[in-house]
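K.L.:
As they're listed, the protein sequences go chains A, B, C and D.
Using our numbering, read the first sequence as starting at 195 and increasing by one per residue.
Using our numbering, read the second sequence as starting at 195 and increasing by one per residue.
Using our numbering, read the third sequence as starting at 195 and increasing by one per residue.
Using our numbering, read the fourth sequence as starting at 195 and increasing by one per residue.
The reader is advised that the hints may include incorrect statements.
Restraint ranges, calculated between C-beta atoms of paired labels, are given here [claimed, not checked]:
{"hint": "1", "chain 1": "D", "residue 1": "Glu205", "chain 2": "C", "residue 2": "Leu279", "range": "22 to 32 angstroms"}
{"hint": "2", "chain 1": "D", "residue 1": "Arg314", "chain 2": "A", "residue 2": "Glu201", "range": "35 to 45 angstroms"}
{"hint": "3", "chain 1": "A", "residue 1": "Pro223", "chain 2": "B", "residue 2": "Ala239", "range": "39 to 49 angstroms"}
{"hint": "4", "chain 1": "D", "residue 1": "Ser235", "chain 2": "A", "residue 2": "Pro310", "range": "32 to 42 angstroms"}
{"hint": "5", "chain 1": "B", "residue 1": "Leu230", "chain 2": "C", "residue 2": "Arg314", "range": "23 to 33 angstroms"}
{"hint": "6", "chain 1": "D", "residue 1": "Gly227", "chain 2": "C", "residue 2": "Arg320", "range": "54 to 64 angstroms"}
{"hint": "7", "chain 1": "D", "residue 1": "Pro266", "chain 2": "A", "residue 2": "Arg314", "range": "41 to 51 angstroms"}
{"hint": "8", "chain 1": "C", "residue 1": "Gly227", "chain 2": "A", "residue 2": "Asn317", "range": "41 to 51 angstroms"}
{"hint": "9", "chain 1": "D", "residue 1": "Gly227", "chain 2": "C", "residue 2": "Asp197", "range": "54 to 64 angstroms"}
{"hint": "10", "chain 1": "A", "residue 1": "His319", "chain 2": "D", "residue 2": "Leu279", "range": "33 to 43 angstroms"}
{"hint": "11", "chain 1": "D", "residue 1": "Ser235", "chain 2": "B", "residue 2": "Glu205", "range": "22 to 32 angstroms"}
Listed next, the in silico DMTMM-like pairs over lysine to aspartate or glutamate satisfying Cα-Cα at most 20 angstroms (straight line) [as the list claims (entries may be wrong)]:
{"hint": "12", "chain 1": "B", "residue 1": "Lys243", "chain 2": "D", "residue 2": "Asp242"}
{"hint": "13", "chain 1": "D", "residue 1": "Lys309", "chain 2": "D", "residue 2": "Asp276"}
{"hint": "14", "chain 1": "C", "residue 1": "Lys243", "chain 2": "D", "residue 2": "Asp276"}
{"hint": "15", "chain 1": "D", "residue 1": "Lys196", "chain 2": "D", "residue 2": "Asp242"}
{"hint": "16", "chain 1": "B", "residue 1": "Lys307", "chain 2": "C", "residue 2": "Glu219"}
{"hint": "17", "chain 1": "D", "residue 1": "Lys309", "chain 2": "A", "residue 2": "Glu219"}
{"hint": "18", "chain 1": "B", "residue 1": "Lys196", "chain 2": "A", "residue 2": "Glu267"}
{"hint": "19", "chain 1": "B", "residue 1": "Lys243", "chain 2": "B", "residue 2": "Asp197"}
{"hint": "20", "chain 1": "C", "residue 1": "Lys307", "chain 2": "B", "residue 2": "Glu219"}
In short, the hints are calculated from the structure, not lab data.
This structure is a prediction, so every number in the text was calculated from the model and none was measured.
Each residue gets a CB set at the ideal place from its N, CA and C atoms; glycine is no exception.
4 protein chains.
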Amino acid sequence: MKDIVVELLSERGVPLSEIAHLVLELQKPYHPGLTLDDCHSSVLAVLDKREVQHAILTGVALDVLAEQQVLPEPLCSIVARDAFLYGIDEILALGVTNIYGTIGLTNFGYLDKTKPGILRELNSHRERVHTFMDDLVAALAAAAASRLAHNRRQG
Amino acid sequence: MKDIVVELLSERGVPLSEIAHLVLELQKPYHPGLTLDDCHSSVLAVLDKREVQHAILTGVALDVLAEQQVLPEPLCSIVARDAFLYGIDEILALGVTNIYGTIGLTNFGYLDKTKPGILRELNSHRERVHTFMDDLVAALAAAAASRLAHNRRQG
Amino acid sequence: MKDIVVELLSERGVPLSEIAHLVLELQKPYHPGLTLDDCHSSVLAVLDKREVQHAILTGVALDVLAEQQVLPEPLCSIVARDAFLYGIDEILALGVTNIYGTIGLTNFGYLDKTKPGILRELNSHRERVHTFMDDLVAALAAAAASRLAHNRRQG
Amino acid sequence: MKDIVVELLSERGVPLSEIAHLVLELQKPYHPGLTLDDCHSSVLAVLDKREVQHAILTGVALDVLAEQQVLPEPLCSIVARDAFLYGIDEILALGVTNIYGTIGLTNFGYLDKTKPGILRELNSHRERVHTFMDDLVAALAAAAASRLAHNRRQG
Numbered sequence: 195m196k197d198i199v200v201e202l203l204s205e206r207g208v209p210l211s212e213i214a215h216l217v218l219e220l221q222k223p224y225h226p227g228l229t230l231d232d233c234h235s236s237v238l239a240v241l242d243k244r245e246v247q248h249a250i251l252t253g254v255a256l257d258v259l260a261e262q263q264v265l266p267e268p269l270c271s272i273v274a275r276d277a278f279l280y281g282i283d284e285i286l287a288l289g290v291t292n293i294y295g296t297i298g299l300t301n302f303g304y305l306d307k308t309k310p311g312i313l314r315e316l317n318s319h320r321e322r323v324h325t326f327m328d329d330l331v332a333a334l335a336a337a338a339a340s341r342l343a344h345n346r347r348q349g
Numbered sequence: 195m196k197d198i199v200v201e202l203l204s205e206r207g208v209p210l211s212e213i214a215h216l217v218l219e220l221q222k223p224y225h226p227g228l229t230l231d232d233c234h235s236s237v238l239a240v241l242d243k244r245e246v247q248h249a250i251l252t253g254v255a256l257d258v259l260a261e262q263q264v265l266p267e268p269l270c271s272i273v274a275r276d277a278f279l280y281g282i283d284e285i286l287a288l289g290v291t292n293i294y295g296t297i298g299l300t301n302f303g304y305l306d307k308t309k310p311g312i313l314r315e316l317n318s319h320r321e322r323v324h325t326f327m328d329d330l331v332a333a334l335a336a337a338a339a340s341r342l343a344h345n346r347r348q349g
Numbered sequence: 195m196k197d198i199v200v201e202l203l204s205e206r207g208v209p210l211s212e213i214a215h216l217v218l219e220l221q222k223p224y225h226p227g228l229t230l231d232d233c234h235s236s237v238l239a240v241l242d243k244r245e246v247q248h249a250i251l252t253g254v255a256l257d258v259l260a261e262q263q264v265l266p267e268p269l270c271s272i273v274a275r276d277a278f279l280y281g282i283d284e285i286l287a288l289g290v291t292n293i294y295g296t297i298g299l300t301n302f303g304y305l306d307k308t309k310p311g312i313l314r315e316l317n318s319h320r321e322r323v324h325t326f327m328d329d330l331v332a333a334l335a336a337a338a339a340s341r342l343a344h345n346r347r348q349g
Numbered sequence: 195m196k197d198i199v200v201e202l203l204s205e206r207g208v209p210l211s212e213i214a215h216l217v218l219e220l221q222k223p224y225h226p227g228l229t230l231d232d233c234h235s236s237v238l239a240v241l242d243k244r245e246v247q248h249a250i251l252t253g254v255a256l257d258v259l260a261e262q263q264v265l266p267e268p269l270c271s272i273v274a275r276d277a278f279l280y281g282i283d284e285i286l287a288l289g290v291t292n293i294y295g296t297i298g299l300t301n302f303g304y305l306d307k308t309k310p311g312i313l314r315e316l317n318s319h320r321e322r323v324h325t326f327m328d329d330l331v332a333a334l335a336a337a338a339a340s341r342l343a344h345n346r347r348q349g
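Please construct the entire structure, taking both the sequences and the accompanying hints into account.
P.N.:
Written as structure tokens, this is what we have:
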């Protein structure tokens with residue numbers, strides 16, 4: 195299942211290396227020796243969690259079905275225009291960040307608001323719908339950063 | 195939008211009166227004079243909330259698309275068989291109960307585990323997929339009960 | 195830290211074996227060969243998580259300070275009488291159940307509503323305040339049950 | 195109860211006007227005619243919610259008891275040094291932002307990470323403990339901003 199999810203992220207324009215870059219930016223200030231490889235491993239560890247896999251499968255399906263205009267109305271238009279008040283994309287993301295505790299909330303919100311790196315690209319895509327994807331990527335990066343923070347203290 | 199949501203619930207076999215019955219069962223012990231009409235009004239007030247409407251539109255779309263086998267695999271099979279560990283149905287429901295504070299969590303969990311009334315019917319349906327619907331109905335009833343509890347103390 | 199938490203639970207009248215019994219009741223129907231020892235191990239694994247430890251330390255401190263009437267008013271009275279609408283006890287519990295995904299919500303709500311075993315004892319205690327403890331114990335049992343459910347499918 | 199909460203915020207160095215400034219910064223880009231008065235009213239409306247009041251009473255009590263070294267150890271040291279991995283401060287804040295739906299999560303995380311205005315002052319205070327207060331203020335501002343966003347679309 196994890197391979198399917200990694201493949202799906204890649205097909206939708208999100209290679210894991212881009213998520214690892216977000217994690218590195220978040221954690222470098224607190225963890226000077228951190229490498230991009232460490233961050234990549236942490237993203238992979240988050241993707242091992244079943245609930246994370248389910249959130250990605252579900253969110254990406256909704257993006258794709260909105261893109262193909264297969265979703266019923268009025269949902270299709272709401273998802274396709276990434277309505278600011280939709281809220282369900284953030285709920286799914288919350289399911290991802292919570293797996294490593296609530297400390298991930300802060301990083302999730304920061305990424306979702308400032309849209310660095312791959313998040314800016316996803317958000318400015320003209321033809322593709324990434325309503326769920328941008329929140330999921332921010333949530334994955336935030337969860338992988340929380341995981342590193344927890345492990346560092348315990349190590 | 196609210197009318198669309200009420201119509202959608204009804205089409206999928208959930209008249210508001212059935213949700214009102216669940217609310218009455220939950221709140222009667224704490225609130226002896228409560229009528230089915232009060233409960234019906236409280237369900238309607240919950241359905242005024244935009245995030246509740248979005249959760250219902252999204253969850254029901256996923257149920258219907260799983261039923262029609264339009265969802266991509268492996269998501270379609272997971273939703274169609276209501277996998278015990280799927281978890282995304284509970285996340286959406288959490289978005290509904292939280293609107294009236296966390297006291298709704300207890301009632302949501304209780305309804306989801308014991309499946310009284312309409313919830314049992316939804317769960318035993320042979321041809322229709324109600325993976326999201328049963329959690330959404332439990333969440334709506336729990337939110338409407340929380341709303342009554344909050345109003346009563348403030349009244 | 196884990197030893198401190200186990201000791202604290204025991205001092206406040208909650209031996210781990212009682213939590214293990216709640217887990218066994220929850221999971222037995224789905225997992226016939228499950229033993230009390232398996233459940234005990236799962237509770238211990240949940241108690242390894244730092245956020246779970248922090249939730250317990252915080253909730254028990256609030257119970258004890260309410261018992262000793264050291265909390266400022268009006269908070270002290272609200273916690274001491276376990277106000278139905280307080281809500282903060284459920285929020286802390288949510289932090290515990292979420293660690294193993296949202297499937298724990300259902301079991302948490304069910305236990306919190308039906309109050310089997312040790313939960314009934316905690317709730318009927320005359321001199322001690324267990325406003326936070328009863329939700330924390332229900333959340334621990336629900337999280338340990340989710341953990342068993344996840345591991346079983348993956349095993 | 196609301197007056198007690200407003201007074202408590204003020205005593206701990208957080209006048210409502212400072213929270214209103216945070217709300218104005220968050221919402222101005224999306225809502226050009228917005229005034230500081232509108233933001234102040236929105237903060238007051240959030241403070242009407244019982245669960246918000248309870249979260250503030252509880253969080254501030256924990257800050258004050260940590261300051262006075264009345265909390266039991268090891269909790270007292272964890273709260274007093276605002277341990278990065280404590281997590282319970284974010285859980286309480288989540289209870290506040292959720293009242294207006296999950297769209298508040300993004301603004302909460304952004305404020306908590308960038309610490310503008312009053313949040314920077316709270317965080318750099320040498321003698322006082324504001325472990326809970328800074329998250330609560332960020333959550334109040336985020337909730338008041340969500341409320342304005344919801345009302346604007348519905349208006």
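K.L.:
Would you pick out the hints that fail for this structure and give their numbers low to high?
P.N.:
11
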